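**Q** Here are the chains, one letter per residue:
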Amino acid sequence: MTDEYEHYEAIVVGAGPGGAAAAAALARQGVETLVLERGVDAGSKNVSGGLIYAEESAPYTIDDLFPAFREEAAERPIDEYLIHNIAGDKVKTFDLDRIHHHDTDWCDAVLRRRMDSWLAERVHELTRETGGGLLTEVRVNGLLREDGEIVGVTCDELDPIKADLIVAADGVNSELARDAGLMNWDEPEDWFQGVKAVVEMEPEVIDERFGLDGEPGAAHLFSGDLFETVRGGGFLYTNTDSLSIGTVFHLDSLAAERAEPHELLNALLTHPLLDQWLQGEYEEREYAAKLVPDSKKVAHPSPHQGRLLLVGDAGGQMQAQGPIIKGMNHAVTAGGLAAEAYADAKTRGDPAKAGELYERKLNSEGVMDQLRPSRYRATRAISESGVVTGVGSTLLNSPVGSAGLKALGGVAERAFNSPFLLGMVPDSRMSYVEIPIRIAEVLGEPIEGEGGTIEPPKLADRIGDLTYDVGDPHIELIDDSYAASGTAVTACPVSAEGFGGGCYRDERVKTNGEEKHLVSLDTQPCIECGTCAVVADTHWEHPSGGKGVEYKRG
Amino acid sequence: MVEIDPTDHEIAELGPKVNGIDDADELREMLDLEAAGEDRAPVKTLIESRLEKLEADDEEVDPETVDLTELSIADVANMVRGVDDGDVLRDLLEREKAGENRTGAITQIENRIESVEGTDEGDGEAVEYVPPEEKHPDLDHPTADKQYVEGVSGETYRDMWVYCETQQGELIEVSKEMLGRAREMMDEYNSEDGYGGDEEGNPEDVVAVLIGDGVDELAEEAIAYGADRVVYHNDPRLERFRHKPYTELYVHMCRDFEAEWRDYHEPRYNVFPATNNGRDLSALVQGELDSGLASDCSDLYIDDAMISNPAKTGKPGDSVEFERVLHMPRPDFSGFEYSTILCIDKPHRDFHPQGASVIPGAFEAPDPDPEREGEVVEHDIDLPDEWFQVEIVDHDTLSGGVDLTGREVIVALGRGIGEDPTRGIELGVELVDAFDDADLGLSRGVITASYVFDGHVEDYVTEERQIGESGQAVEPDVYIAAGISGAVQHKVGMDDSEVIIAINEDPDADIRDFSDYYIEGNLFEVLPRLTEAVEQGGSIEAVTGASDD
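Top line first, the protein sequences correspond to chains Y and E. First residue of the first sequence: 1, per our numbering; consecutive thereafter. First residue of the second sequence: 1001, per our numbering; consecutive thereafter.
Derived by calculation from the structure, the hints in this document are not laboratory data. Among these hints, one or two may not hold up.
PhoX-like cross-link-like pairs, simulated, lysine-lysine; straight-line CA separation at most 25 Å [unchecked claim]:
{"no.": "1", "chain 1": "Y", "residue 1": "353", "chain 2": "Y", "residue 2": "162"}
{"no.": "2", "chain 1": "Y", "residue 1": "552", "chain 2": "E", "residue 2": "1491"}
{"no.": "3", "chain 1": "E", "residue 1": "1044", "chain 2": "E", "residue 2": "1017"}
{"no.": "4", "chain 1": "E", "residue 1": "1346", "chain 2": "E", "residue 2": "1315"}
{"no.": "5", "chain 1": "E", "residue 1": "1491", "chain 2": "Y", "residue 2": "458"}
{"no.": "6", "chain 1": "Y", "residue 1": "361", "chain 2": "Y", "residue 2": "346"}
These stretches of chain E come out as covered by chain Y in the derived footprint (C-beta under 8 Å, 3 or more residues) [as the list claims (entries may be wrong)]:
{"no.": "7", "segment": "1407–1420"}
{"no.": "8", "segment": "1448–1456"}
As the structure is a computational prediction, the values presented were derived from the model and not from experiment. Ideal Cβ placement from N, Cα and C applies to all residues, glycine included.
Taking the hints into account, I'd like the entire structure generated from these sequences.
**A** This is the structure in structure tokens:
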């Protein structure tokens, strides 16, 4: 009976930048390509901080594959790149111009709904030529296997479809990568969680408050003590008529500290440093969140199995090393390389070799070394151990340490600008929290507050502004004890301790005179970030095609 | 003098006035007045168009006396469209031939004659009949085991049969609705204005079919709703709907059932409810009877139909008027379009019974008439075991459904009941009971919680009571929200309530922003006091009064 299944030469699952790049490159090679996207529209499920790079050394950039990209799909070029080290009311700002422009052809701020839906239209035009096309509102839920071999995909909405090549570009919570056993959600330390607010601001106001003159915009990073001891940082990017302001934290730290992501975002939004830009005015258009793979740990060194190739977040290809935050460009490169690998394999008469060639190309083109620097692996064991952190802290806090810092102020700035050193940055509290704090304390100037502090919306209102139609619950809470799954109450970006309107709620239930500490789950407000899949005991799937959260900005 | 001087009025008021005037002279006078006075172009247009309409009505022609030479071909075409009498049309034809003898006009009149009377000589040859066995020798279908497929042409059909679905020993609402409509249709059918009964002039009946366990008890009720006769089959094994035995029984009743009162081949019409079970049964029965089915109909009526399809008439070019055709309108494309389905015999094959399933609620259930008389007939055959190969191992009763709309008062509980959920529900229900017309609503947060409820209140905690975006939207006179924070998703379900009273410990709760009265306090303390106040005051006013201060 399986012979009756529809067959395409290639199926691309997910219409983000990775999937779009793969599909476009495949279509250009004349490969019959079908693209399946579960959102109502491409981009409706997608969030990113908001900067896309085109690297000079990259074999594929988004504007190579989609020529009018920058004019049609991006918000504005980003030229200025600064990091603010904060300690209390003191701040020391470093200019990260060098690291920002290192190997950079261009860098643009983007909003994903607009960007991805534009890409999807191009992809549809290109793939239709090959006899395929792009379908939205189709959720691919797993792999179709015959005799243990991957031969296609299964979907909620359609009959299984067979293909010679399956590109899994289905994002950070890739169900295909998990079905194939290539990725998992086991360790919080493998992930970051980012939350973002898109904030309305008139173009002229942006230019005035950021000292911009039309086109090129600015990017600001934040680190230091504004998030207490949670490891992570913040960002602010200028768009055309909005700002993208967000925070990104190591999920293990977020979970261990029982921090509330929306409160951390609020800590940034209400910090006096931001007054100069917000000036007491704040209109939030959208609240969003996503998991971010830490490529240093989870970029799959061999992201393929049989006919299945992982691209972008699905394969952990997200580079976040200190102030270097690059994901979409790597997804584009990987998508292009996956298509190229398939074409090469086909030319050599053995399409099944596509995965192997893809892996080889990721290495030879230098992608893998950016994602998983060998320097990091070599130094990780020492630099992340408690002893070293302790010594470092002691040193930092000693008069000698601060004297050293003072003397080395310029060196620290230079160190932040070195891709080589940043590749070694250990994921300890010291580098994320204590160094920036000491930098600010020793070198910083007091913040001169302008205007008033803003009042961010309450979580209930943020949730209320998003629309939900989940249908059947797509997440099953396997162990509802607080001990097993209670972390989700705080770590979930739409849940909070003491808040009854979120996904996860902390509850004490009395039965037979005994009190149990439980969590309950309502998937209606779910924004599909995947956090609870990591920190709680769940069976996690995406909602069916067209269901669930729909981002208008992304 | 005219009654209305247009110059005294605004244009807006003139519209209805002018359109109420039937005297052309008066209108002409008004037109002059306006022209001499304010001379407003729209007013003149208004009066002129009324005049034109009146004059057009005067020109309504009588086809029997009209002077054809004064009519254009288009006028002739328009006129004959309203003429149904063949003699009048033939007279028109002769006069046209004697007069201007215009080919176009003649064609128009001839076409109309053909469509009202049909042709006897026809342009085409009769379609040659080839039995399906010969036409498709390679197929075993459609004749191998389907004895009724072709050839039963010319059989007798009578009566309108209505499958009366039951649930838990009661006729469901749509069964009553169908009986009522069937009664109306057959009364008209049997009347002089209709067909005056069957081909021999005997009235045809509404036959109610009941299948189940103990369904004979419902026979009288079916008669009260309009049936002339009830055929029922009782068997303990038929307690629940099952495809095989229900279909077999219904088909046997239609086709092979020998009873004194019936001497016909099959029912003329079959009507089923478009419920889950009715949809299944209607398709199976009509398929088994080799007829058609119009499913999910929104109306039914019996009328003649002029048909020119040669598959039905037997000859290309022929138009044949079919009598007693059940017209079955149904929505298409999600209700953007309606099609009327007809189920009509072919020259060598019958499509009877004409079958329809009816959307519940399409018709009003009539008031039952307990005085109505009818005959009750038992259908009693042995039911073979092989009809019961599908076993029902388990079944569940969905609760009857809770409709919170239309209540005067809704008492809604939120997660504020968390410290003692069972007690919270109890207090809510007590307050509900204190009112005459009230019911209990819940926030989504309560329904999706892990709360454990004691047995006696457990049944209240269902999604059916959920108020908000993914639940019901209510607008009662009084909405009492206890322990509900007032998230946007909840607000959209109750914001239109006349008076909103919020009880919450947290004075910053959002609900306060859209409540008329806010009581700061713990619902476990406030609700009992509120209940007491209502019981003493006995009215909603007591509550609003009590909470005013």
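**Q** A separate judgement is required for each hint: does it hold in the structure or not?
**A** Going down the list of hints, with the structure as the test:
1. Between residue 353 of chain Y and residue 162 of chain Y the alpha-carbon distance is near 18 Å, which keeps this suggested pair within the 25 Å criterion.
2. At most 25 Å may separate the alpha-carbon atoms for a hinted pair to count; residue 552 of chain Y and residue 1491 of chain E meet this at roughly 22 Å.
3. Annotation: proposed proximity of residue 1044 of chain E to residue 1017 of chain E holds, straight-line Cα distance about 14 Å (limit 25 Å).
4. Only pairs whose Cα atoms come within 25 Å are accepted, and residue 1346 of chain E paired with residue 1315 of chain E is accepted, the gap being roughly 11 Å.
5. Of the supplied pair hints, the one linking residue 1491 of chain E and residue 458 of chain Y holds, its CA atoms being roughly 16 Å apart against a limit of 25 Å.
6. At most 25 Å may separate the alpha-carbon atoms for a hinted pair to count; residue 361 of chain Y and residue 346 of chain Y meet this at roughly 15 Å.
7. Using a Cβ-Cβ cut-off of 8 Å, 4 residues of the segment 1407–1420 of chain E lie near chain Y, which meets the minimum of three, so the contact claim holds.
8. Closer than 8 Å: that is the beta-carbon criterion, and the segment 1448–1456 of chain E has 5 residues meeting it against chain Y, so the requirement of 3 holds.
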